[in-house]
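Protein chains: 2
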Amino acid sequence: MAFFSNLDSNSDITDITFNDRPRLGPMDKASQEIMRGKSSFSIAEREIMAAYVSGLNACSFCHGSHKAVAEQFGVPPTVIEQLVEDIDSSPVSDKLKPIFHYLKKLTITPSKLVESDVKKVKEAGWSEEALHEAILVGCLFNFYNRLLDGHGVKGNNAIYQFAGEHLSKNGYGVPWFIGFIKNMIKKSKLKKLKALENQVRVN
Amino acid sequence: MAFFSNLDSNSDITDITFNDRPRLGPMDKASQEIMRGKSSFSIAEREIMAAYVSGLNACSFCHGSHKAVAEQFGVPPTVIEQLVEDIDSSPVSDKLKPIFHYLKKLTITPSKLVESDVKKVKEAGWSEEALHEAILVGCLFNFYNRLLDGHGVKGNNAIYQFAGEHLSKNGYGVPWFIGFIKNMIKKSKLKKLKALENQVRVN
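Chains as they are written, first to last, in the numbering used here: chain L, 2 to 204; chain G, 2 to 204.
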């Protein structure tokens, strides 16, 4: 259950970020650039990284919703579960595996990263720029995982689906006037959530 | 030793952030707002939080430099060491202790935070807004700790001192044209570092 009086079981990340534009507005900009801007990694690959890091941190909200985003880009959610369980036997390409090993250490024991971890990434054919880009995805989701769990926002299947559809369609950018229309957005969200919940119940 | 070919033993965070303005420029803005903007916590308290979280993550660069910033605001660095060792016996006020317990769980096991952790913070007299502000400091340094260790930037005493003086004087905001003058800044920094190193050697 969410920890703050303005949050409830239907809350998602926007109920935190839309309420604090001065501090969290710039984070939306950074996220859009890191997750949707020019990169050595496809959008699907970056969303798998986001869901993977969130899985390692056991952040239900980010893990659930970024699995749903990855699914919208054609990635079966089982791939991410397999990655969290064991990178080496998971169905991601051999080229990507050292990147996921790097993200694992970056998330769990960042201070223990060493030159040989970088060497493995380079030997798989990645540039320094690519490694920098993967690190940024890792840093970002270590931020967001704590933002969500820090506020006690856990989500549920309908919310993950809703967030997944929204993020795959609209990305992370948020217009400056979002503060003024957030109640309107909330109403339309609750309506969509209701429909998604019924859909989940029927299936 | 730093992992990237544009980084060396004299590198600090700006050698990463000045080179990637599209992705990291917005992070400077968020940091300035979180660490220097309006808050329930003084600047010194927020800098202690930053140094504390970085100590938990064993991030030498952020721990060293934010201890130095806190020192510029009158906090003896031993306070932060005592906090990292044991919050309850450390010399921070009883009112602040539940905030540091919250930050500890947020950093190490964020998904395990529960209502009773929030209750303790509120019972100490903090508002929900204050807890949100502390969470943001925690999220931010979980980002930066991984940014520094992900790139292998560890720093040294002269660099922590340099960063501490810079951050206490200028804050986290960075002008838009920083990309154009970063080589000039680097030259002046190396000169100051040389002087600081000599000073450390003499003392």
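Treat the hints as calculated values from the structure; they're not laboratory data. Don't be surprised by glycine CBs; every beta carbon is placed ideally from N, CA and C. There's no promise every hint is true.
Stated by the list, open to error - Away from chain G, derived, C-beta distances all over 12 Å, residues of chain L:
no.	residue
1	N7
2	S55
3	I88
4	G139
5	L148
6	F178
7	K190
8	K192
Stated by the list, open to error - Computed list of lysine-lysine pairs in BS3-like fashion (alpha-carbon distance at most 27 Å, straight line):
no.	chain 1	residue 1	chain 2	residue 2
9	L	K170	L	K192
10	G	K106	L	K106
11	L	K113	G	K105
Structure-based check of all given hints:
Residue placement check: N7 (chain L) does not keep its beta carbon more than 12 Å from all beta carbons of chain G (closest about 8 Å). The claim that S55 (chain L) is not at the interface with chain G is violated, since a C-beta of that chain comes within 12 Å of its own (minimum 10 Å). Chain G leaves I88 (chain L) outside its interface by the beta-carbon criterion, the shortest separation being 17 Å against a cut-off of 12 Å. With 12 Å as the threshold on Cβ separation, the claim that G139 (chain L) sits away from chain G is violated: the shortest Cβ distance comes to roughly 6 Å.
Not every CB of chain G lies more than 12 Å from the CB of L148 (chain L), the least distance being 5 Å, so the non-interface label is violated. Every beta carbon of chain G lies more than 12 Å from that of F178 (chain L), the smallest distance being close to 18 Å; the non-interface claim holds. Annotated as non-interface, K190 (chain L) keeps its C-beta farther than 12 Å from every C-beta of chain G; the closest such distance is 21 Å. In this structure K192 (chain L) is separated from chain G by more than 12 Å, as the shortest Cβ-Cβ distance comes to about 28 Å.
Straight-line distance between C-alpha atoms of K170 (chain L) and K192 (chain L) comes to about 18 Å, which keeps the hinted pair within the 27 Å bound. Only pairs whose Cα atoms come within 27 Å are accepted, and K106 (chain G) paired with K106 (chain L) is accepted, the gap being roughly 19 Å. The straight-line distance between the Cα atoms of K113 (chain L) and K105 (chain G) is roughly 19 Å, inside the 27 Å bound, and the hint therefore holds.
Going through the hint list in order, the structure does not satisfy hints 1, 2, 4, 5.
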